[in-house]
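Asker: Chain residues, written in single-letter form:
There are 2 protein chains.
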Amino acid sequence: MKTRLNLALLGLLVLRASAGVLDNRVDQYGSDAAKGVDSCTVPDSLVQEIKGYQPIVNKIVSKIVGGEFAGKTWDSLAELVDTFGARLSGSEQLEKSIDYVQEQMKLDGLENVHTEDAPVPHWVRGYESAQLVAPFKKNLPLLGLGTTVGTPRGGIIADVVAVESFEEFETLKPEQVKGKIVVFVPQWEGYGKTVVYRSKGASVASRKGAVATLIRSVTPFSIGSPHTGGQDYDEGVNKIPSACITVEDAEMILRKYRRGETITIHLEMDDRNFEPFVSRNTIGELVGTTYTNSSVVVVSGHLDSWDVGVGAMDDGGGALISWKALTYLKAMGLRPRRTIRAILWTGEELGLWGGKAYKDAHKENEKKEFNFFFESDIGTFEPRGLDFTGNKDAECVFREVVKLMTPLNATQFETPSDGGPDISHWTSRGFPGASLMNKNEKYFWFHHSAGDSMAVEDPKNLDKCTALWAAAAYVIADLSISIPKYVSD
Amino acid sequence: MKTRLNLALLGLLVLRASAGVLDNRVDQYGSDAAKGVDSCTVPDSLVQEIKGYQPIVNKIVSKIVGGEFAGKTWDSLAELVDTFGARLSGSEQLEKSIDYVQEQMKLDGLENVHTEDAPVPHWVRGYESAQLVAPFKKNLPLLGLGTTVGTPRGGIIADVVAVESFEEFETLKPEQVKGKIVVFVPQWEGYGKTVVYRSKGASVASRKGAVATLIRSVTPFSIGSPHTGGQDYDEGVNKIPSACITVEDAEMILRKYRRGETITIHLEMDDRNFEPFVSRNTIGELVGTTYTNSSVVVVSGHLDSWDVGVGAMDDGGGALISWKALTYLKAMGLRPRRTIRAILWTGEELGLWGGKAYKDAHKENEKKEFNFFFESDIGTFEPRGLDFTGNKDAECVFREVVKLMTPLNATQFETPSDGGPDISHWTSRGFPGASLMNKNEKYFWFHHSAGDSMAVEDPKNLDKCTALWAAAAYVIADLSISIPKYVSD
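Order-wise, the sequence lines are chains A and B.
Residue numbers for the first sequence follow this note's numbering, so the first one is 1 and each next one is one higher.
Residue numbers for the second sequence follow this note's numbering, so the first one is 1 and each next one is one higher.
None of these hints come from the bench; they were simulated from the model.
A couple of the hints might just be wrong.
To be verified - In silico lysine-lysine, DSSO-like type, Cα no more than 27 Å apart, as pairs: (1) Lys439/B / Lys96/A; (2) Lys138/B / Lys72/A; (3) Lys442/A / Lys439/B; (4) Lys138/A / Lys442/B; (5) Lys137/A / Lys59/B; (6) Lys72/B / Lys59/B; (7) Lys442/B / Lys460/A; (8) Lys72/A / Lys439/A; (9) Lys96/B / Lys442/A; (10) Lys138/A / Lys72/B.
Next comes chain A alone, as it looks inside the complex (with noise of 0.2 Å):
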């Protein structure tokens, strides 16, 4: 998962307004975005339709779960983390990795397996190193985000002016940061309001002059473990070097610069920024009885990962539950009407540019080609339900499909969702998505850390996500009806 701020700016709240398109039957029982939740007129004939869905579902559950497939997604998990590793965009092993799952999805019987090109960054983090050299010494362990610039060769030595918030900045002169490192310390508020000072951090402090910026790292709790992302310079700033540092070492720079103490920090990266990549997305399918390349359910997740850890919880879970939904789908022999297509975005942490290419290769016949995208990428711990993101008429039919969900005990439902980066591509156009709800609590304490790793993942309730993967796609793809969608022109 990128950030939530990358959700707010492609729009991730639905164009309600926009012209609206009704598929097949939807019409039949009105449309009302307004209508709250009691307001649902599904006819009858509809609910008891997916009502007629719970044995299959019950199925599902208890092979993935209970079953011959117990255990496996986790087992292939491991195998993909032990073998490739952490799988930045532009790396060797991202490549390998892709390669590799796409072998995969064809021993495991999957259909159309191919990749699709997607321009990516190719940012390569270098040697790092930040030292407090005054008042005492101390290796200050850090992380460069993506796309940051590096130091001159040997580094900088700089004094440090520490704050707690952008509004605390603003008080300052210029002339009290020209040539300053800035640190920036703000309290944990949430991930969406936090990470700001990720993203924006060096453009704020490169407009008063510093001369690089070190941020506390964006996790609500921390055993002396950096976080990395995403940043992004603005447009004509000055481009200077930003890292995160751990929340332990943030909050002593911040307390030792209020007493008044002279803090200087030595810091050298070699990070670079490299021409741009041709990566790929990875996508196998379980082609539809009735329609083969219209009408599609994507279920995904991205494979591509930061460079610390090794991407099991961010995103490698989501990659798989969508992968294997479809390889324990096709064993046990249930292929539903439309065609179910697991897609691995590739070069999502840099910016969501698998999805872009995607959804730019697809654009001209995208209406007649999708009817609904499924998303996992805020984590796949115990499943709670799902969350989703579309019209009135769509929601209400995708309630009755959540319902189905009682033997995983996952029949929660939110709107609209609060996750699935990728498929806003979509989703933010009127498309309707869900994303993966979990009890997730602890995601950012791992997330974009040497944490992110095999141990966060546990098997049964990789089990638990895959069966809710697997089940509500199904009867998505198999319904009499197309999930209504509303997408202008």
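Got chain A; can you put chain B on it based on the hints?
Answerer: Using the frame of chain A, we list chain B on its own:
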């Protein structure tokens, strides 16, 4: 805190069979080490006397937790660790912090403030790097273990043998191990049981010809940080480099090894052992009204720390509450009959050296000099009560004292003590002592890692621990009797 292994080695179990020495009035109510809780026969007059301290305990609690001293212990601890950082035995930072604490104790009005010499090991962490070089490249964060030797310049490149346990390692032939880096990946089974891999892994691996050993960090929970700690080489073994890697990386290596992959690591460590260094225990007193240098009540924690993190938890908190308990009692005008002596041990982490030197220096007259030993070295989270090591008579009296801690909701009692490594130099020989029980379930998450910082310490909890410490020490030091001890001659 060093290790529970040390506690065991030092014979924490009370030598109850030793010839006893009863002082003052304790023999009035008999002794029976075999008696259970219910069989305590503390004379009613003494029970009533102890109950009579409730108003003083209430006052101490109210001043420290809710009054003029609230929050001050956290502030002082922050100033200490922010100013000097980590305080490893043999380091300039430790000696500077000892000078600083002495000065501050004097400013606080403590009496007989001085230091006493203690020889400590002098081991220095140098450049440390571990790289997985095959099957893919990955940095493996690591921390060399205290007293480990380094590698030759340029490091070692060797294939890996990975095992989960010493039992599994026993099944390997020397020719399978010779020239290899042995990776021990024990499951967490509690600190006392699991730490043997850290303390003895190098010796075990060396005997079969390993060239180095890397051990899963000794912690139940990880976010990508390695944990250091002590180790020692058995007599006569070839000394090989020994370090801990993260839980995440250790488990990955074990999985890969079990799949039959060849794993190669480039390990470079420039850690070195130097001649022992003379450090100092730091001492301050609140001199008793009746007894000055006899029947002393010791409150203690260690001032040295590991060289990662800043030792706010291990054991800055224990050191500070011991020092500040005296500061606040003095400021409140509360001076008990016996002297309360705060001792901030040095050289604890590398083997309880401060306590040993102090024991040796005070040996001749120790039975007269000491009445009771408190030590806090297993966290200063929210206090639960006090645990105790000593003879049954002393235990019965102490149980009554613990009952006074109702205003802190800290009346739990356990015996024998689970903490107190430095005071085990005395408690293992029949002197009575106590350790601070606290809600330290997450202690080992941070222990000996970059996570040992002020972020672990909560101001309110530190206040409560200080109040508990001050109140318990005051009552013990002021009672009409000394606490009975059974120490052989």
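Asker: For every hint, state whether the structure bears it out.
Answerer: Quick rundown of the hints versus the structure:
1. Lys439/B / Lys96/A: violated (47 Å)
2. Lys138/B / Lys72/A: This hinted pair holds, its Cα atoms lying about 26 Å apart.
3. Lys442/A / Lys439/B: holds (21 Å)
4. Lys138/A / Lys442/B: Measuring from Cα to Cα gives roughly 25 Å; hence the hint holds.
5. Lys137/A / Lys59/B: Status violated; Cα separation ~42 Å.
6. Lys72/B / Lys59/B: holds (17 Å)
7. Lys442/B / Lys460/A: holds (25 Å)
8. Lys72/A / Lys439/A: This hinted pair holds, its Cα atoms lying about 21 Å apart.
9. Lys96/B / Lys442/A: violated (39 Å)
10. Lys138/A / Lys72/B: OK: Lys138/A and Lys72/B at ~26 Å, within 27 Å.
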